[in-house]
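Visitor: Residue-level listing of the chains:
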Amino acid sequence: MNVLLTHVDYIAAVAIFLVGLYILLVKQNLLKKILGLNIMETAVFAFIVTAGMTDNGVPPLLGPDAVGPFASPLPHALVLTGIVVAVSITALALALIVRVKRECGSVELNELGKVE
Amino acid sequence: MRKFLALVLIAALGAVLIAAVVNLPEPGTTDSPVHTHVSAGYIKGGHEAGGADNLVTAVLLNYRAIDTFGEVTVIFTALIAVLAATSLAGPTERSGTQNIDLKTTRVPVSPVVSFVVRLMAPFIATFALFVMLKGHELPGGGFQGGVVLGAMLILLALFSGRTDKTDDEELPPGLRNWIRAAGPLVFGALGLTGLVFSGWLFSLPDHPFWREMVMIGLELGIGIGGAAVLVGLFRALREG
Amino acid sequence: MSVSDLFDLLILALLITCVLGIARVRDLATAVTLFAIYSFVLCLLWAHRGAPDVAMTEAAVGAGITAVLFFTAIAKIGRREK
Amino acid sequence: MMAAIQATLAGLLIVAGAAFFFIGTIGLLRLPDFYTRVHAVTKCDALGAGLVLLGLAILAGFDGSGIRIIALIALVLLSSPTAGHALARAAWRAGLEPWYRKSGHVGQ
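In order, the protein sequence lines correspond to chains A, B, C and D.
58 is the number that my numbering gives to position 58 of the first sequence; each next residue is one higher, with no gaps.
Positions in the second sequence are counted from 1; adding 1000 to them yields my numbering.
Positions in the third sequence are counted from 1; adding 2000 to them yields my numbering.
Positions in the fourth sequence are counted from 1; adding 3000 to them yields my numbering.
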């Protein structure tokens, strides 16, 4: 029980990830699936940033009067590039969905099975 | 049935993930591997070797420069893919599937909103430039300033673009394409400069002044190129 | 259990509420609005964890650009999920 | 003495701002239709956030961060009413009818 309390940040990230996976698997609307994918991505980012934090939350800025312990800068840099790539992926997926709607007239996966 | 299978899969995956997660070191403790392994070296030597007070910028532009180069290439490639997906003509334009119910009447832009957006846009642009230029000392950098600038340009395109015409670009197409490719181009050019002067690809010069200039150039390239890519994504999606 | 921990727990509870709301609603525009709220709360969490750079990016991208892209797509494909 | 006055004033302003947020949230939950809810929330945003930020500016003193917080107040006072206006206008254009009292002995 104690370990659940100390690791509540990680467990919340896992819970958000699983809800995102549920949306991705169960919902038939393609745009809803992309929302689920985005939720999974942000859950992973939250997990990575949480792994690199320190208790007092000092950002990794080495000013003249900065005192540690600093949060680890490597997860921040990875997540930063990840966020920008995620928005590019979202835009590409949305463009494809709009194209699917234009070509087939629907964005529901169970209706798309009947097209041709 | 499909829902049941999905729930079983998610329950199994959740059990595995939680079992894995509770065995990790407690978040926030400073003696866990994430703090002692690589990051300790970055924090100790970051100012001298990385050349920036903001260690995130140092990691992005110096320690992990090849990652960042790949990343600006990825977003540029995504823009090309979106342009291809939206603007290339399809094999056959199906008749009868055109969505008539989606022809919404276009609401004219409120003059109040338009005025406030135009009033605030220069301030947002100034903030974005500040974030880019001071990214090696304060929180900020190329990507951060780039997304702020991109959000501002999308706001302008939403509220003050000519809504009756589809092509409302401000810049001539030739210049626009060069600016959209600014991230990979500037990064590649400055990386090659590092190869010429110090023998290492993507290395920064040793002289503090030139090092700062190169970092500012990289951040401006990433930021302005990223903003142009984001606006391009939005425009392609809106017109496609 | 300090004030900082309570703040953390409150933010995590808000995040999970937003995500469950996204899974539940049938209206796509509501789902995207909930996703923008989720991104903003997440940005608060990261500012609290010592990651101001990531928080700034997430505030501009998650709550701004991603939401605008989703709404642009919804305007083309309709807002009802069947 | 000066510091005590500063802290008291800042605390009062922040509590007043929080009270406005509270009232605005009650309005969001209790009011009957979209237009009245937007009205309540816009008030809460502009006045509540403005007062809290003013309290923080007094607490920070008249130096770099204080001036930045005052710039933030100007931004909030500019953007929050605009957002409320845009929301209400979009709803009106989309054809959402305002709420009227059903029994009809007032107005109507």
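No lab work stands behind these hints: they were computed from the structure.
Predicted, not measured: the structure shown is a model, and the values here were computed from it.
Mixed in with the good hints, there may be bad ones.
[As the list claims (entries may be wrong)] Computed cross-link-like contacts, SDA-like style, restricted to lysine to any residue with a CA-CA straight-line distance of at most 20 Å:
1) A/114 / B/1002
2) C/2076 / A/106
3) A/27 / B/1007
4) A/101 / C/2071
5) C/2082 / A/55
6) C/2082 / C/2071
7) A/33 / B/1002
8) A/27 / B/1011
9) A/101 / C/2029
[Stated by the list, open to error] Ranges between beta-carbon positions, derived for each pair:
10) B/1016 / D/3078: 47 to 55 Å
11) B/1213 / C/2020: 33 to 41 Å
12) D/3093 / B/1005: 39 to 47 Å
[To be verified] Computed list of chain A residues with no C-beta within reach of chain B, every gap over 10 Å:
13) 33
14) 37
15) 41
16) 60
17) 108
18) 112
19) 114
Ideal placement from N, C-alpha and C gives every residue a C-beta, glycine not left out.
Visitor: Would you mind marking each hint as holding or not holding in the structure?
Guide: Outcome of the hint check:
1. This hinted pair checks out: residue 114 of chain A and residue 1002 of chain B have alpha carbons roughly 18 Å apart, not beyond 20 Å.
2. At roughly 11 Å between alpha-carbon atoms, residue 2076 of chain C and residue 106 of chain A fall within 20 Å of each other, so this suggested pair holds.
3. For the suggested pair residue 27 of chain A and residue 1007 of chain B, the alpha carbons sit about 12 Å apart, so the restraint of at most 20 Å is met.
4. Taken as a hint, the residue 101 of chain A and residue 2071 of chain C pair is honoured in the structure, with Cα atoms around 15 Å apart against an allowance of 20 Å.
5. Between residue 2082 of chain C and residue 55 of chain A, the direct Cα distance comes to roughly 46 Å. Violation of the 20 Å bound is thereby established for this hinted pair.
6. Restraint check for residue 2082 of chain C and residue 2071 of chain C: the C-alpha separation of about 18 Å stays at or below 20 Å, so the hint holds.
7. Proposed proximity of residue 33 of chain A and residue 1002 of chain B is supported: the alpha carbons are some 15 Å apart, at most 20 Å.
8. Straight-line distance between C-alpha atoms of residue 27 of chain A and residue 1011 of chain B comes to about 17 Å, which keeps the hinted pair within the 20 Å bound.
9. A hinted pair counts as satisfied when its Cα atoms are at most 20 Å apart, and residue 101 of chain A with residue 2029 of chain C qualifies at roughly 17 Å.
10. Range check, residue 1016 of chain B to residue 3078 of chain D: Cβ separation about 50 Å, and the 47 to 55 Å hint holds.
11. A C-beta distance of roughly 50 Å is found between residue 1213 of chain B and residue 2020 of chain C, which places it outside the suggested range of 33 to 41 Å.
12. Checked against the given bound of 39 to 47 Å, the beta carbons of residue 3093 of chain D and residue 1005 of chain B, roughly 45 Å apart, stay inside it.
13. At the 10 Å boundary, the C-beta of residue 33 of chain A stays outside the reach of chain B, the nearest C-beta of that chain being 12 Å off.
14. Its beta-carbon lying about 15 Å from the closest one in chain B, residue 37 of chain A satisfies the requirement of being farther than 10 Å from that chain.
15. Non-interface call for residue 41 of chain A relative to chain B: holds, since the shortest CB-CB distance, roughly 14 Å, exceeds 10 Å.
16. Look at residue 60 of chain A: its CB is around 4 Å from the nearest CB on chain B, not clear of 10 Å, so calling it non-interface is violated.
17. Taking the minimum C-beta to C-beta distance to chain B, about 13 Å, the non-interface status of residue 108 of chain A holds against the 10 Å cut.
18. At roughly 12 Å from the closest C-beta of chain B, the C-beta of residue 112 of chain A stays outside 10 Å, upholding its exclusion from the interface.
19. For residue 114 of chain A, the condition that its CB be more than 10 Å from all CB atoms of chain B holds, with the nearest at approximately 13 Å.
Comparing the model with each earlier hint shows violations of hints 5, 11, 16; every other hint is respected.
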